[in-house]
Each structure stands twice: as C-alpha cells, then as structure tokens.
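Whole structure, please, built from the sequences with the hints as guidance.
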Amino acid sequence: MSSDCGSFLTYVERRFRLAGSALVDDGNHPYFVPTDTLEEEGGPWPEGFLSMSHYDYLGLMHHPETVGAAKAAYDTFGTGAGGSRLVGGERSTHRAFEKDLAEFLGVGGVLSIISGYLTNISLIQHMVGGRDLVIADELAHNSIIMGCKAAKCTFLTYPHNDLDALAALLDEQRAHFGRVLIATDGLFSMDGDITDLPRLLEIKERHDAWLLLDEAHSYGVLGATGRGLCEHFGIDPNRIELAVGTLSKTFGSSGGFVAANERVIEWLRFTLPGFVFSVGLAPATVACAQAALGILRREPERVAQLRDNSRTFLNMAHAAGLDTGEAIGEAVVPVLFDTPDECVYVAGCLMQQGIYAPPVVHVGVPKDAPRIRFFISAAHEKADLERVINAVALALADFRASQQTAISAE
2 MSSDCGSFLT YVERRFRLAG SALVDDGNHP YFVPTDTLEE EGGPWPEGFL
52 SMSHYDYLGL MHHPETVGAA KAAYDTFGTG AGGSRLVGGE RSTHRAFEKD
102 LAEFLGVGGV LSIISGYLTN ISLIQHMVGG RDLVIADELA HNSIIMGCKA
152 AKCTFLTYPH NDLDALAALL DEQRAHFGRV LIATDGLFSM DGDITDLPRL
202 LEIKERHDAW LLLDEAHSYG VLGATGRGLC EHFGIDPNRI ELAVGTLSKT
252 FGSSGGFVAA NERVIEWLRF TLPGFVFSVG LAPATVACAQ AALGILRREP
302 ERVAQLRDNS RTFLNMAHAA GLDTGEAIGE AVVPVLFDTP DECVYVAGCL
352 MQQGIYAPPV VHVGVPKDAP RIRFFISAAH EKADLERVIN AVALALADFR
402 ASQQTAISAE
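Quick note: to get the working numbering, add 1 to the position in the sequence shown (first position is 1).
Just so you know, the hints here were simulated from the structure itself, not pulled from any lab data. None of the hints are false.
Below, simulated SDA-like cross-link-like pairs (lysine to any residue); rule was C-alpha separation at most 20 Å, straight line:
no., residue 1, residue 2
1, K150, Q174
2, K383, G355
3, K383, A394
4, K150, L170
5, K100, W268
6, K72, G60
7, K150, H161
8, K153, R180
9, K153, D133
10, K100, D237
11, K153, G131
12, K153, A176
13, K150, G131
14, K100, G295
15, K100, N239
16, K153, H127
17, K150, R175
18, K153, G130
19, K383, A320
20, K72, H95
21, K383, G49
22, K383, P47
23, K153, E139
24, K150, H177
25, K100, R298
26, K150, W211
27, K100, E267
28, K383, G322
29, K150, D133
30, K383, I329
Note that the structure is a prediction, hence the values are computed from the model and not measured.
Encoded structure:
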C-alpha cells in the first residue's frame, strides 16, 4: 500500500471516529435495514412490522394510482430522461407536472430537479456572490447549511427560530452587503416545529432581503389542503422569493423542485447548474408525483387525517411523560433523550418489537440532543400510535431503572 493511500485511509478512519463509528463498528446497528423484507415477511411480531421512519405522510407510496402511473410511464417513455432537459432530456410529462404543481401552490412557476438536496445546494450558490450575505436558521436542513458554506458570500446563522436575533443581526449587518438572502425551513425535520412566517416576512421586507423557504416537510402537511406554511398562516406565497420542495415525501416519489415567480423559473431553467448539468427526472418519477398531486387535490381529507394522527401521537407522548421538544404535532414528532445510550437502547427495544424508528445521534443532531424521530402518516391507525408510545415509555423506564440499579450497586 502506498504512503498516500495509507495517509488517506488514516484520514478517513479519523473522520469516521469523529462521526461516531463506534456505534456501527460491530455491524449490529439499526441503519440501512431493508425494510421491504421486514414488511413482506412480517417477522416474529404478533402485531406485525410497523415503520415510523418513512415520510410517506399521506400514505401514497403504495397507492394504486401512483404505482399504476409509474408503470404506465415506464411502458410509454422508458426508464430514464436520457439527458439534461436542456439538451435532450425534456419530456412532455415534465412541463405538465410543473404547471399543475405551480397552480396547486399558487405561484408563477415550478422547476423540478433530480435531487431535493441538490436543489438547495445549487440554488443558494447561484443566487449570491462575494458582496452578499446569507443568514440561515442554525437548525436549517443540512442542504441549506452546505449550500451557504459553498457559496462565495458571507454566511451567518441565527439561533433557532429566534427572529429577534435575526432582526438584530440584520440591523447590524444589512448596510455592509449588496444582496441578503434569509434561508430557513418551513417545518423543521428534526424538531417538528415551524418558523413564524408572518414575522419573518415583516423582517425580510423591512430589511430589503430575499427569503428561501424550504417546504420539503410542509407541502402536503401544513394548511387545510396541504399547500404548506403559507396556507397555514393565510399568506400569499408570492411574497416568498424562493420556495423549495421535494417529491420524496408527500408525493411518494423522488427529486426536488423550486417554486417562484414565472420569470425567475424561466431564468433558472437556463442557468441553474444543478438543473442545467443534471439529468432530468425519470418520466416514471414525474408520473408518480403527478398522480400523488392529483390525489392530494381530490382528497384533502388525507391532510386532515394526518393532522389528527400527528396531534394524537403528540398528546399520547405527553401523557406518557415523553419529551417532544418544540414539536407542534404536524407529521414529525421527535422524542428526545438524555443520552445517546438511552436513545440507542430505546430504538433497539422498538426494533425487537417490530417497530422501525432508528436513533438520531451525533452528527445528525448536536451531541447533547439525541432523539428518535417519528414520522406520522395518514395511513397509521390509532392502535399503531398507541403501540409505539407504549413501547417507548416502557423501554425508557427499563433503561432508567437499570441505570439506577447500577448506580446503587456502586
């Protein structure tokens, strides 16, 4: 082995240790589980296998219409787009879906992109330059943070959902920069809380800034008909310069998209690197998402059922004495633990009972904030939710009792 290779592997091992490799080194860890096999086999669990780790919020991943639309698209268009849409990968399905989605969201246009993560990375770098400032919520999705770090601009963060701090930061910094972009999530995927959009817009407009709002987890979830944070607060979505979404959650497919003014979308269609230099979405992927959109428009009661399930789960968790942080009961409800060991133990107990909900520990969250995220679906039954809460509460009590016994023995 060359010294260069050895040096590289040493670097990798060191970085892996810092990332928490001890948790996975023995191979007996809760990640990369082939859940389809568990679903098919049912396992040794009397109540069957139950996933709380999939963000299939409206229960559309296996819906006959979404599956049927994908199959038909494969037969009609083949397996892939064949190239970047700019140079030969465009299909009629792309524009039809984007038009329908823009109409649903109440904006001028939508541009779909191969990856939701790539959408934020590419978009932020494309919007700002060396004389500009980007300010992001400190708990914004990693794709926002990495996009900000990669951009040739000044990058600052403000404490999570502390809009007073954001306003103070803009009061101090705004005059020193050309353009200012504020970036945040609508529904935060690790905490299950939301940003105060009315206040955020007032701050944004008062300081002549732009807003990038990541609605990946809020489209199909927030608002009476699932149109996201703007509908939740009764705000015109056209007051937001750039809204980012994903097709992998509510829409049961994959990929990302930008929603904005029609002229903004047309400009991005010819200039956004993550779109121009990436292959177009596979036609079957688009067909699946468009079918899901059709179901969402036709059956808004799915959104109401999701909300009811989410609030029920949150209330059950509180009744059981579990810490759910700032979660408001909208699709994402974390249970927070005191230590990573506590978190991993509870997740392991859940898996032994056929409930899949992997632990989230550093680096996914700060070292002092381990948790298990529970993704609620409109397809969950109340009995499913009761089963999960009872299992978490019992496992947590067992762990703490064993710890207390160990301390007493010392």
